[in-house]
Amino acid sequence: MNGPHDLGGMDGLGAINPEPENKEPIFHAAWEKRAMGLTLATGMLGEWNIDTSRFARERLHPVEYLTNNYYKTWLVGLETLLLEANILSEKEITSGKMEIPAQEKIQKKKVLPDQVESILQKGGPADLNTGAPKLFNIGDKVTVKLFTSSGHTRAPQYIRGHSGVIKDYYGSHVLPDESAKGNRTGSHLYNVAFNGSDIWGSKNTATIHLDLWQDYLKPTV
Amino acid sequence: MSDTHSHNHDHTEPPSDPVLRVKALESLLIEKGLVDAETIDAIIETYETKVGPRNGAKVVARAWTDPEFKKWLLQDATAAIASMGYMGRQGEHMKVIENTDDSHNLVVCTLCSCYPWTVLGLPPVWYKSAPYRARAVSDPKGVLAEFGTSLPEETNISVWDSTSEVRYLVLPQKPAGTTGWNAEQLEPLVSRNSMIGVELAKTPESLEE
Numbered sequence: 001m002n003g004p005h006d007l008g009g010m011d012g013l014g015a016i017n018p019e020p021e022n023k024e025p026i027f028h029a030a031w032e033k034r035a036m037g038l039t040l041a042t043g044m045l046g047e048w049n050i051d052t053s054r055f056a057r058e059r060l061h062p063v064e065y066l067t068n069n070y071y072k073t074w075l076v077g078l079e080t081l082l083l084e085a086n087i088l089s090e091k092e093i094t095s096g097k098m099e100i101p102a103q104e105k106i107q108k109k110k111v112l113p114d115q116v117e118s119i120l121q122k123g124g125p126a127d128l129n130t131g132a133p134k135l136f137n138i139g140d141k142v143t144v145k146l147f148t149s150s151g152h153t154r155a156p157q158y159i160r161g162h163s164g165v166i167k168d169y170y171g172s173h174v175l176p177d178e179s180a181k182g183n184r185t186g187s188h189l190y191n192v193a194f195n196g197s198d199i200w201g202s203k204n205t206a207t208i209h210l211d212l213w214q215d216y217l218k219p220t221v
Numbered sequence: 001m002s003d004t005h006s007h008n009h010d011h012t013e014p015p016s017d018p019v020l021r022v023k024a025l026e027s028l029l030i031e032k033g034l035v036d037a038e039t040i041d042a043i044i045e046t047y048e049t050k051v052g053p054r055n056g057a058k059v060v061a062r063a064w065t066d067p068e069f070k071k072w073l074l075q076d077a078t079a080a081i082a083s084m085g086y087m088g089r090q091g092e093h094m095k096v097i098e099n100t101d102d103s104h105n106l107v108v109c110t111l112c113s114c115y116p117w118t119v120l121g122l123p124p125v126w127y128k129s130a131p132y133r134a135r136a137v138s139d140p141k142g143v144l145a146e147f148g149t150s151l152p153e154e155t156n157i158s159v160w161d162s163t164s165e166v167r168y169l170v171l172p173q174k175p176a177g178t179t180g181w182n183a184e185q186l187e188p189l190v191s192r193n194s195m196i197g198v199e200l201a202k203t204p205e206s207l208e209e
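Protein chains in written order, with this note's numbering: chain R, 1 to 221; chain E, 1 to 209.
Rather than coming from a laboratory, the hints here were simulated on the basis of the structure. Just so you know, even glycine gets a beta-carbon here, dropped at the ideal spot from N, CA and C. Hints may contain errors.
[As the list claims (entries may be wrong)] Below, in silico cross-link-like pairs of lysine-lysine (BS3-like), each with a Cα-Cα straight-line distance of 30 Å or less:
1) E:Lys128 to R:Lys181
2) R:Lys109 to E:Lys71
3) E:Lys202 to R:Lys23
4) R:Lys23 to E:Lys32
5) E:Lys141 to R:Lys23
6) E:Lys58 to R:Lys167
7) E:Lys71 to R:Lys91
8) E:Lys71 to R:Lys23
9) R:Lys145 to E:Lys128
10) E:Lys23 to R:Lys91
11) R:Lys181 to R:Lys110
12) R:Lys108 to E:Lys58
13) E:Lys32 to R:Lys110
14) E:Lys50 to E:Lys128
15) E:Lys141 to R:Lys108
16) E:Lys141 to R:Lys203
17) R:Lys218 to R:Lys141
18) R:Lys108 to R:Lys122
19) E:Lys70 to R:Lys110
20) E:Lys141 to R:Lys122
[Unchecked claim] Quick partial rundown of chain E residues pointing at chain R, CB under 10 Å, derived from the structure:
21) Arg54
22) Met84
23) Glu98
24) Asp102
25) Leu111
26) Cys112
27) Glu184
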């Protein structure tokens, strides 16, 4: 979706104002720690994936998305995920009181403290085979398809319609657009380099690299 | 757990709302038998004490002193980094990009906050902020200037927008004046920001300040 999260190229957002690295705490408030830990612990139940969780955050109202602290966005996104997975009801979230117990099959997946280290070390690799033929090779010129989607996608607006060159091939990875809907399908993943000047004008002399799935690309004619 | 937010800085101050909201949500999920408070503690502890940018600094310092390792790191970063014990969540697919005399690399995630957790830990606030995500691609030189980083006019800048599950780590250039230094001596020069590409590695002089 062309949501508030798709920020590449937006102006008027002010200075970055970074905190100096040696003075910056990992968390800025105790609640941020709980929001992070709770998001990860709940994610480990396996009721959603990384793309569904990103899509939950992207659907925040733009005003809220752009003014939120990032962990607040995680927190609101988590509430959305829990509602949509039917783990919590609106009433339970509003009242903070349990109405219906959780399903036993989900309870069984609760992560215990001594499992945390191995789960985090294992991670969740995104490579997934596809039967589709690989259409592009390193050096090929490709153009990002023009499309709009009300769902989740990882092709930013600023790159759609632009042409670049395939620089690397990463194998076949889970396609986020389908994954956010709960369908696990693989698609060939490439790193594509674009001239900054083609996108932003001659003042931008940088090369912009994006990872793009084959589904987003067509040969440049 | 009480809110210990008492310092002053100019980022968005959390209203009391998220404090209560996260507390209510955690209680509810514990009552439902879906999460364990100590599991959350263990996750927090991991990213506060075990997984952070010192991991990445060790990788970089080794690459600066061990040509075979550097070659491996640039060819297969995931395996080379895993050989040092850094693997897992948000580092499943790693790629290392090398700064040279005429090229500089900068990493961003314009769509969310993708970041190589296994080697850098959790991202800083500015990395997740809207202005950085917006302008790293459209005005990378301006962004570098905001970090006090200026590069020669002829340097080729590459910006890596982390749109997939591949995570990027910048291999900064080894600073001048460090000939003969071993990996342990070099490690303090490898700032987190130099591995994102918004700054260069520290100079030996800056360590004495």
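Each hint tested on the structure:
| no. | hint | result |
| --- | --- | --- |
| 1 | E:Lys128 to R:Lys181 | 25 Å, holds |
| 2 | R:Lys109 to E:Lys71 | 41 Å, violated |
| 3 | E:Lys202 to R:Lys23 | 16 Å, holds |
| 4 | R:Lys23 to E:Lys32 | 39 Å, violated |
| 5 | E:Lys141 to R:Lys23 | 24 Å, holds |
| 6 | E:Lys58 to R:Lys167 | 28 Å, holds |
| 7 | E:Lys71 to R:Lys91 | 56 Å, violated |
| 8 | E:Lys71 to R:Lys23 | 34 Å, violated |
| 9 | R:Lys145 to E:Lys128 | 27 Å, holds |
| 10 | E:Lys23 to R:Lys91 | 16 Å, holds |
| 11 | R:Lys181 to R:Lys110 | 24 Å, holds |
| 12 | R:Lys108 to E:Lys58 | 39 Å, violated |
| 13 | E:Lys32 to R:Lys110 | 10 Å, holds |
| 14 | E:Lys50 to E:Lys128 | 21 Å, holds |
| 15 | E:Lys141 to R:Lys108 | 51 Å, violated |
| 16 | E:Lys141 to R:Lys203 | 10 Å, holds |
| 17 | R:Lys218 to R:Lys141 | 9 Å, holds |
| 18 | R:Lys108 to R:Lys122 | 20 Å, holds |
| 19 | E:Lys70 to R:Lys110 | 40 Å, violated |
| 20 | E:Lys141 to R:Lys122 | 37 Å, violated |
| 21 | Arg54 | 12 Å, violated |
| 22 | Met84 | 13 Å, violated |
| 23 | Glu98 | 14 Å, violated |
| 24 | Asp102 | 13 Å, violated |
| 25 | Leu111 | 6 Å, holds |
| 26 | Cys112 | 6 Å, holds |
| 27 | Glu184 | 20 Å, violated |
The structure does not agree with the numbered hints 2, 4, 7, 8, 12, 15, 19, 20, 21, 22, 23, 24 and 27 stated previously, though it agrees with the rest.
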